[in-house]
Each structure stands twice: as structure tokens, then as C-alpha cells.
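Chain A is already provided as a structure; the job is to place chain B on it using the hints.
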Amino acid sequence: MQEFNYYRPVTITELKENLSQPGTRILAGGTDIVPKMRQGKFSASILVDTSGVQAMRFIEDQGNEIVLGALTTHQEAADSALLKNINPALVMAVESIGCQQTRCRGTLGGNIANASPAADTIPPLLIFDATLLLQSLSGDRRIPLEKFLLGPGETDLQEGEFIHSISFKPMFGLWGSAFIKVGKRSGMAVSIVNIAVAVELNDKGKISDIRIALGSVAPTVIRCRKIEQSLIGKEPKPALMKEIQDACQEEISPITDIRSTEEYRDHAAAVIIHRALETAVDQAKGKTR
Amino acid sequence: MKEISVAFLLNGNKTSVTSLPNRTLLDVLRTDLGFTGAKDACGGEGECGACTVILNGKPVNSCMIFIGQVEGTQITTIEGLLEKGEYHRLQKAFVETGAVQCGFCTPGAILTAKALLDENPHPTDQEIREGLSGNLCRCTGYNKMIDAIHLAELGGLDD
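Top to bottom, those sequences are chains A and B. Residues 1 to 289, numbered by the working numbering, are exactly what the first sequence covers, in order. Residues 1 to 159, numbered by the working numbering, are exactly what the second sequence covers, in order.
Derived from the structure by calculation, the hints contain no laboratory data. Virtual Cβ for every residue (Gly too), placed ideally from N, Cα, C. Check before you lean on any hint, since a few could be wrong.
Pairwise CB distance ranges (calculated) [as the list claims (entries may be wrong)]:
{"no.": "1", "chain 1": "B", "residue 1": "HIS122", "chain 2": "A", "residue 2": "SER253", "range": "45 to 55 Å"}
{"no.": "2", "chain 1": "B", "residue 1": "GLN74", "chain 2": "A", "residue 2": "GLY233", "range": "34 to 44 Å"}
{"no.": "3", "chain 1": "B", "residue 1": "ASP125", "chain 2": "A", "residue 2": "ALA81", "range": "23 to 33 Å"}
{"no.": "4", "chain 1": "A", "residue 1": "LYS41", "chain 2": "B", "residue 2": "GLY141", "range": "51 to 61 Å"}
{"no.": "5", "chain 1": "A", "residue 1": "ASP61", "chain 2": "B", "residue 2": "HIS122", "range": "29 to 39 Å"}
{"no.": "6", "chain 1": "B", "residue 1": "GLU86", "chain 2": "A", "residue 2": "ALA81", "range": "31 to 41 Å"}
{"no.": "7", "chain 1": "A", "residue 1": "SER253", "chain 2": "B", "residue 2": "MET1", "range": "34 to 44 Å"}
{"no.": "8", "chain 1": "B", "residue 1": "LEU157", "chain 2": "A", "residue 2": "GLN249", "range": "55 to 65 Å"}
{"no.": "9", "chain 1": "B", "residue 1": "GLU127", "chain 2": "A", "residue 2": "PRO170", "range": "24 to 34 Å"}
{"no.": "10", "chain 1": "B", "residue 1": "GLY103", "chain 2": "A", "residue 2": "ASN64", "range": "30 to 40 Å"}
{"no.": "11", "chain 1": "B", "residue 1": "ASN120", "chain 2": "A", "residue 2": "VAL67", "range": "27 to 37 Å"}
{"no.": "12", "chain 1": "B", "residue 1": "GLY12", "chain 2": "A", "residue 2": "SER253", "range": "52 to 62 Å"}
The following block holds chain B by itself, in its conformation from the complex:
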């Protein structure tokens, strides 16, 4: 098995890695690059959404993407939402509404929500439910996440 070199933009920074091709984007983010916001919860089945990152504007499961497939793409992880030490309004809203308990699904849920709001700035409850359907939460539940997303989209936070 030959190693491959892959170059992409990670949270706006040019990044290149050399890796064996049978590793996933999730493996490389967590192990090689130290971005541990993306989580593995379902064991790489694409069921849980805890490993969600934004790739070229779309939410994707990083456990189902071989590292070679991200060549030339733009990737945003939860770490990339921090701007000048300030949390993103979605992150603040998740805290504000109590949409975070154990926090394991939170990075994936917030990134899915960000991709949703980027395309649809004022989604309905149904659109949010559809959008979040690939992100499983096993403690907080989804209602508080929906509250958080509405809080963020309506700008109801003191920035």
C-alpha cells in the first residue's frame, strides 16, 4: 500500500498530509492533526453524525470519506467556528438553551446546523428536524437544539 499526499483547506488554513490511503478523514483529523472535535460514536457506519464536518459547504460524515477524497476541498470543523477567541452564535445559543449535556454529539449537531443556516437562514421547525435527522443525541434530546437554532437564526443573543 502506497502512501498518498493530500492538500486541502482546513478551517481556512492550507493543510497537507501524507497518509496511507485506507484511513478516513476522521482518522486524520483526530490522530494526525489533533482536531478532536469530530467524534466517532457509531463505529464508522454513518449512522450517528458525531463525526460531521462541513465539506465545500455541505455537512458530511468524516468517517465515510477516505482521506484521498478531500484533495482540493474546503473543510470546516467545530474548531474553525471560533473567531478571535469568540464562540460562534450557534455555539452560544446551544449553551444558552441548554442544548448541551454530555456534549459528544454537539460539534456534529452545531456544524449540521451551521450548514443549514448558511443555505436557509430562517428554517422552519420541520426543516430543522429534517436537517438534524442524521445527528443522533442520546441525552439532551432535540427540542432544545431546535430552540437553540431558532435563537441563533433570530439573533436573540447579546453578542
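So that you can see chain A by itself, here it is in the shape it has in the complex:
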């Protein structure tokens, strides 16, 4: 195991001060970083462990916004009655991550900071236009999650900064959301493709709002805005599903890697767009005003 000096702040002020030293890296739950350090794939001269900062572990309904502390674990999100109601796709996503043991340690902030194109929590946050609150000794700033993600493992996080919380606005009316992932097996597998969809229907049953986010088909998780635009005002019918699948091929740029091939991802993405939209539409139709 690599060598490093270790800090464990318990307040946000201490965390900001610890991170202001040069050469620091952030540790949260450790489910990704501990194995990576053992394999020599991640190094730090100073490791600042955020896992003791209890003030960043919360799920709050602030009326017009839902705010999630960056240290909220996947399991805490999975067990949240509030999130089941407000963002079912996010609950489906966190339930699909790893196993109990990893969900109880892994955090939402950690999953975002890792910036894996296959991250399961990111699509359900992107469909809600989530924003991040970043903090450092020199001040706070807000950034849309979509702009924060720059590439595989690359983010806009600056030296000394950390993710404090994630916030998004709930949807109202006749809406539904869904998350689906395709992996080699159901437990512990990294997604080959994943998707989150949110759809809102007007009282005539037509699509008044739709958001689609796909993972593992581009350098970052992406919002499929062209497909979204083409669907507004339309009635969700099986024929439309076919249209979506075709449009999808123009919007994504999957690659072949150790988990799967470009061709398979192209195919699987289309299939799961279809399935996720069906689930989200059924959910929306099951709601009454």
C-alpha cells in the first residue's frame, strides 16, 4: 500500500483548512480509492478523509429544492422515503450499486467526483438538472452537474475544493421516472450502459417535458437533448419508441473497452431507452392530479 499522511477533519472549517495544503486528495467512503491505492492507480501525498464530517450527511426537503449532502451513502439514499417519492430513478440507481457492504460506505459525492462515464447516480441527477455546491477556503460556488463533468475521471473540481452538496428541483404533475442499467450480472458489476428518464404528460396524455440521460456511451454521462426536443408534444406510443431508438444512435458515441463493445452499447442503449420510457410513462399515467 502506498504511503501518505492522513487528516480526518470533523468540521467543514477544518476540512477547508486541511484541503488548502498542496498535494491533497479527498477520501470519502473509500470503496473506490482504497482498492485503487492498493493497486497503485491512485496516489496522494496527503489524504484528507471527509468521512467524519457529519454536517455533509443529510437529505433535506427545502421546499423548492431537494438537497443531498455529499457524504450521504448510497444505502441512505436507497432507504429515503423522500427520494422514493421525489426521484424514484435515483433510488433505483443507488439500489443497483454494488452490494449492501459497498452501498453502506460509498457516497453520492464520491460517485460524482469519480466522474466515471458509467457512474450510476449521475443519470438520475442529470435528468433533474442537479447543481453542485462546491466549497473551499476561498469561497463557495455553484455549478451544474453537467458542466462539472469534463471527461472520464475528470471534473472541474479545483485544488482545495470539495463537493458539499447536490441539489435539484422536484417535478410536479403527471410525471414518472425510471433508471435501468445493463451489466454482466446484477451484483457488483459496473454498468455497460445505464439510463435515467423522467417524463411529464399533460392532461391530454402528451409529453410536456422529457429528460433523458445516458451513461457509458460517451466520455461523460450525457443528456440527450436532441431526442428530448423531438419528443415534446408527442403522444408516447410504440411507434414513437422506434423513432427514439433511431435518433439515439446519432446522439451517442460509445467505445469498445474491457466491459463491452461499441456495437453492443449502441444496441443496448436503444433497448433501454425504450424500456425506461415505458416504465416512466406508466408511472406518470398512474398519477392523478
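Just chain B, lined up with the frame of chain A:
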């Protein structure tokens, strides 16, 4: 690399250790404290669950936690399930149903099951399967573990 001091409750006992920070909870439990119930099977990848311990009521992989991260926490290992020389009902149930063969995955599986029953006293088969999905067994298989967990939750043992 500077050493750190870490204090926590281990099986109900106040415990403090001084260690280099790049060691995991699993390393310290086995090497420094002699609690060898938690095992390393997958080489620290968090894949197998053999190193499972209960941390603040939740099952976690002790191979993926740096020792500094357990400061102020409560940890239960398989050794902590023994009460006044008596095995826990889950341990008895695992023996009773034949859910133990080589025994390497057993401590982790039992602790995962305990954390599950503490939160959900009467789980369905599906909930047990979900709960145990992070504990790999390569000889007994999972059906007997599910039988054992039902035996324990239904109180079908002569205590």
C-alpha cells in the same frame, strides 16, 4: 508517513490502536488485534464480503476502510457474537442447516445476516438474497444460508 491513533468500540470494548494510516481495518483487526474471523479472500477489491464486519449497525467490507476512518465508531466482528460462551442463534442455525462447509465465507455471511435481521426481523427469500449478494460462497451455496436465516428469524432452534 506519520502514525495515527484511532479509538473505537470493538465488540463493546473500548479499543485504541496506533497505526500507519495506509492500513485497513481488516489489517488491524487480524494482525494487531488478533481478531481473525474477518477474512481476506478477494485481495481487497470489495468483491467477496469475507471481510464483512458490522460498523455502526451496517455491514461493511473492512478491506475497503482505512483504519483512521473507524475513529469513534462501533464495530462488531464474528467474535463479538459469542455471549457468555453461547453462540448467537444465527451461528447455531448455520450449523443446524449445514450452511457451513469450508467456513471461509461464514463469518462475513453471518454478520451480513445479523445486520439484515436487526433492521428487518422477518425478511423474505428475495430480501435475504439481496442482502447476501455481497457475500460470495464457493462451496456450500446460498440455499442453505437462506434456510439458516429463516430458521434463526422464526426462532426454530432449541436454545
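We went through each hint and held it up to the structure:
no. : hint                            : verdict
1   : B/HIS122 / A/SER253: 45 to 55 Å : holds (49 Å)
2   : B/GLN74 / A/GLY233: 34 to 44 Å  : violated (56 Å)
3   : B/ASP125 / A/ALA81: 23 to 33 Å  : holds (24 Å)
4   : A/LYS41 / B/GLY141: 51 to 61 Å  : violated (34 Å)
5   : A/ASP61 / B/HIS122: 29 to 39 Å  : holds (31 Å)
6   : B/GLU86 / A/ALA81: 31 to 41 Å   : holds (38 Å)
7   : A/SER253 / B/MET1: 34 to 44 Å   : holds (43 Å)
8   : B/LEU157 / A/GLN249: 55 to 65 Å : holds (58 Å)
9   : B/GLU127 / A/PRO170: 24 to 34 Å : holds (29 Å)
10  : B/GLY103 / A/ASN64: 30 to 40 Å  : violated (55 Å)
11  : B/ASN120 / A/VAL67: 27 to 37 Å  : holds (28 Å)
12  : B/GLY12 / A/SER253: 52 to 62 Å  : holds (55 Å)
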